[in-house]
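Let's have the full structure, built from the sequences with the hints guiding it.
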Amino acid sequence: MIKLTEYSKSGGCAAKIGPGHLSGILCSLPQMTHPQLMVGLDTSDDAGVYKLDATTALIQTVDFFTPIVDEPYVFGQIAAANSLSDIYAMGGKPLTAMNIVAFPVCKLDAAVLSDILRGGLEKVTEAGAVLVGGHSIQDNEPKYGLSVTGVAHPDAILTNAGAQPGDVLLLTKAIGTGVLTMAARADMFEEGVRAAIDSMRQLNKTAAEVMSGFTIHACTDVTGFGLLGHLSEMVTASHVAAEIYTKDLPFLPEAQNAAAMGLVPEGAYHTREYLKNVTFASNVADVLQDLCFDPQTSGGLLLSVAATDAERLLASLRAAGVDEASIIGRITGKGAGTIYVY
Amino acid sequence: MSIKIDARGMACPQPVIAVKKALEKVIDGVIAIQVDNFAAKENVLKFAAANQCAAEFQEQDGIYSITIHKGQGVEKAQTIETVTENTVFLITHDTLGHGSKELGTVLIKSFFYALLEKEPLPRLLLFMNSGVYLTSENSPVTEHLQELAQRGVQILSCGTCLDYYELKDKLAVGGITNMYTIVEEMSAANKAITL
Numbered sequence: 001m002i003k004l005t006e007y008s009k010s011g012g013c014a015a016k017i018g019p020g021h022l023s024g025i026l027c028s029l030p031q032m033t034h035p036q037l038m039v040g041l042d043t044s045d046d047a048g049v050y051k052l053d054a055t056t057a058l059i060q061t062v063d064f065f066t067p068i069v070d071e072p073y074v075f076g077q078i079a080a081a082n083s084l085s086d087i088y089a090m091g092g093k094p095l096t097a098m099n100i101v102a103f104p105v106c107k108l109d110a111a112v113l114s115d116i117l118r119g120g121l122e123k124v125t126e127a128g129a130v131l132v133g134g135h136s137i138q139d140n141e142p143k144y145g146l147s148v149t150g151v152a153h154p155d156a157i158l159t160n161a162g163a164q165p166g167d168v169l170l171l172t173k174a175i176g177t178g179v180l181t182m183a184a185r186a187d188m189f190e191e192g193v194r195a196a197i198d199s200m201r202q203l204n205k206t207a208a209e210v211m212s213g214f215t216i217h218a219c220t221d222v223t224g225f226g227l228l229g230h231l232s233e234m235v236t237a238s239h240v241a242a243e244i245y246t247k248d249l250p251f252l253p254e255a256q257n258a259a260a261m262g263l264v265p266e267g268a269y270h271t272r273e274y275l276k277n278v279t280f281a282s283n284v285a286d287v288l289q290d291l292c293f294d295p296q297t298s299g300g301l302l303l304s305v306a307a308t309d310a311e312r313l314l315a316s317l318r319a320a321g322v323d324e325a326s327i328i329g330r331i332t333g334k335g336a337g338t339i340y341v342y
Numbered sequence: 343m344s345i346k347i348d349a350r351g352m353a354c355p356q357p358v359i360a361v362k363k364a365l366e367k368v369i370d371g372v373i374a375i376q377v378d379n380f381a382a383k384e385n386v387l388k389f390a391a392a393n394q395c396a397a398e399f400q401e402q403d404g405i406y407s408i409t410i411h412k413g414q415g416v417e418k419a420q421t422i423e424t425v426t427e428n429t430v431f432l433i434t435h436d437t438l439g440h441g442s443k444e445l446g447t448v449l450i451k452s453f454f455y456a457l458l459e460k461e462p463l464p465r466l467l468l469f470m471n472s473g474v475y476l477t478s479e480n481s482p483v484t485e486h487l488q489e490l491a492q493r494g495v496q497i498l499s500c501g502t503c504l505d506y507y508e509l510k511d512k513l514a515v516g517g518i519t520n521m522y523t524i525v526e527e528m529s530a531a532n533k534a535i536t537l
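Chains A and B, in that order, give the protein sequences. According to my numbering, the first sequence is numbered sequentially starting from 1. According to my numbering, the second sequence is numbered sequentially starting from 343.
Hints are computed from structural coordinates only; laboratory data are not their basis. Among these hints, one or two may not hold up.
[What the hints assert, rightly or not] Here are the computed lysine-lysine pairs in the DSS-like style, where the Cα-Cα straight-line distance is at most 25 Å:
1. B:Lys451 x B:Lys512
2. B:Lys363 x A:Lys3
3. A:Lys3 x B:Lys362
4. B:Lys512 x A:Lys276
5. B:Lys533 x B:Lys460
[To be verified] Across the chosen pairs, the derived CB separations fall in these ranges:
6. A:Ala336 x B:Lys460: 39 to 47 Å
7. B:Gly351 x A:Leu108: 49 to 57 Å
8. B:Ser452 x A:Ala315: 51 to 59 Å
9. A:Ala315 x B:Asn393: 39 to 47 Å
10. B:Leu537 x A:Asn283: 46 to 54 Å
11. A:Asp53 x B:Ala391: 54 to 62 Å
12. B:Glu479 x A:Lys334: 49 to 57 Å
13. B:Gly351 x A:Gly213: 46 to 54 Å
14. B:Val372 x A:Ala110: 29 to 37 Å
15. A:Ile25 x B:Gly404: 22 to 30 Å
Here a beta-carbon is modelled for each residue, glycine too, at the ideal position from N, C-alpha and C.
Below, the structure written as structure tokens:
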């Protein structure tokens with residue numbers, strides 16, 4: 001049996017270029033401004049948003065990565081769920097999708113690619129979107145993902161810049177896909193690895209549908225920069241400060257064991273070094289600190305919700321089957337993006 | 343028995359896997375491994391600790407040489423013996439007492455000096471409100487507090503207070519805590535003394 005992950009050095013969102021590198025590269029580009037551009041590069045958001053008219057905003061995103069699991073079909077599912085997630089994180093509904101494929105045609109059987117695409121298509125269909133095309137190139141390392149286009153009412157667009165003092169922070173998926181995909185490569189923690197795979201291929205669709213009925217001030221999805229990396233983008237863009245309670249964080253089974261065993265992805269160390277605005281209380285165990293930076297692939301939505309709506313939203317999410325949804329912290333006040341972790 | 347591993351150029355989790363395999367072979371002995379990146383070094387040290395092995399490392403030109411001891415070769419880390427009792431101090435001002443600020447600064451310095459001379463030492467010092475100036479940079483008592491910390495006294499500052507005085511980046515001694523922990527610690531103490 002082929003092992004897809006052996007064809008790549010780092011898998012999934014852990015393969016992302018770090019936020020430190022990225023902002024250095026992007027800042028050399030001229031800033032794009034346009035009267036119709038609602039969300040652009042400047043706030044490190046999940047997708048770009050362009051206002052078509054008074055009732056429709058276009059949401060566009062692209063995401064692709066190297067294999068994170070060995071099974072081609074499952075890799076396709078995860079990559080697609082991850083790509084679609086950016087549309088949900090902006091409060092939108094995915095309409096169309098296009099495949100992006102890099103594949104070593106000489107080294108791997110074509111059936112592998114068709115399995116990857118089948119997995120991706122299944123998730124696009126589940127999202128209610130239509131696959132309309134794609135592009136493929138020959139490459140030594142397999143890569144797959146999608147460019148997705150969605151829509152929302154311009155007033156319903158959720159950015160990462162709207163968090164308000166007093167808001168409650170809610171996370172819709174458990175953390176630990178980074179350490180557990182490392183564990184998969186080391187043939188350790190089977191139960192946790194299975195749970196991570198199930199979590200990664202789950203769409204954020206239900207969570208997005210449920211949250212549309214509540215007062216959400218800011219939203220992002222947790223991916224390669226880990227919980228604190230993406231929360232940091234949110235609090236910085238919103239000019240607020242936040243606190244997180246590690247005792248309330250949902251973790252995938254065996255994620256803490258995997259982190260304790262030194263199965264921490266390199267990206268977690270980079271993000272920790274890059275983030276100067278995060279302070280841990282002295283009693284937060286190293287394992288929990290590492291998991292707060294753990295790069296997630298197809299992670300959950302991180303919501304900043306009005307305090308009056310928080311408990312009802314949590315109950316509705318759980319009732320709809322978003323079982324791992326948890327209240328994990330709050331926005332403490334105005335600020336320059338500082339985060340305390342207790 | 344000793345095993346040498348060259349894990350330079352290996353990406354995580356490969357170095358950890360290599361150490362795992364080596365530890366399975368060694369019952370009593372030493373594993374020496376070289377890695378060339380920070381994440382691999384950290385991960386190998388974590389793996390060793392999780393498997394109850396002592397480990398130390400040296401860095402030269404970006405190469406980390408890690409030595410892991412398994413079995414009888416494990417040397418117990420040296421600990422400084424100190425006597426502490428379950429007393430907690432809550433320090434709520436950057437000076438001692440009300441009145442002259444100048445005098446208050448002199449008094450708080452001599453307070454911590456005297457505290458160092460007293461055995462048993464307290465278990466924990468909690469700093470709140472303007473007290474957090476004492477645990478931050480440019481504090482008149484940094485050296486006293488550092489010595490107390492070295493001798494096993496836990497030092498914690500209130501996070502909200504550091505934030506309020508914009509001292510978060512300037513914390514010089516000890517860790518950060520919140521009101522829940524402060525209340526818990528004070529309730530659990532045999533003696534809680536507020537300054």
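Against the structure, the hints:
1. B:Lys451 x B:Lys512: Judged against 25 Å, a Cα distance of about 20 Å means the pair holds.
2. B:Lys363 x A:Lys3: holds, 20 Å
3. A:Lys3 x B:Lys362: Status holds; Cα separation ~21 Å.
4. B:Lys512 x A:Lys276: holds, 12 Å
5. B:Lys533 x B:Lys460: holds, 16 Å
6. A:Ala336 x B:Lys460: 39 to 47 Å: Given range 39 to 47 Å: holds, Cβ gap about 41 Å.
7. B:Gly351 x A:Leu108: 49 to 57 Å: violated, 24 Å
8. B:Ser452 x A:Ala315: 51 to 59 Å: holds, 57 Å
9. A:Ala315 x B:Asn393: 39 to 47 Å: Because 42 Å falls inside the window, the suggested range holds.
10. B:Leu537 x A:Asn283: 46 to 54 Å: The hinted range 46 to 54 Å is violated for leucine 537 (chain B) and asparagine 283 (chain A), with Cβ atoms some 23 Å apart.
11. A:Asp53 x B:Ala391: 54 to 62 Å: holds, 59 Å
12. B:Glu479 x A:Lys334: 49 to 57 Å: violated, 24 Å
13. B:Gly351 x A:Gly213: 46 to 54 Å: holds, 52 Å
14. B:Val372 x A:Ala110: 29 to 37 Å: violated, 49 Å
15. A:Ile25 x B:Gly404: 22 to 30 Å: holds, 23 Å
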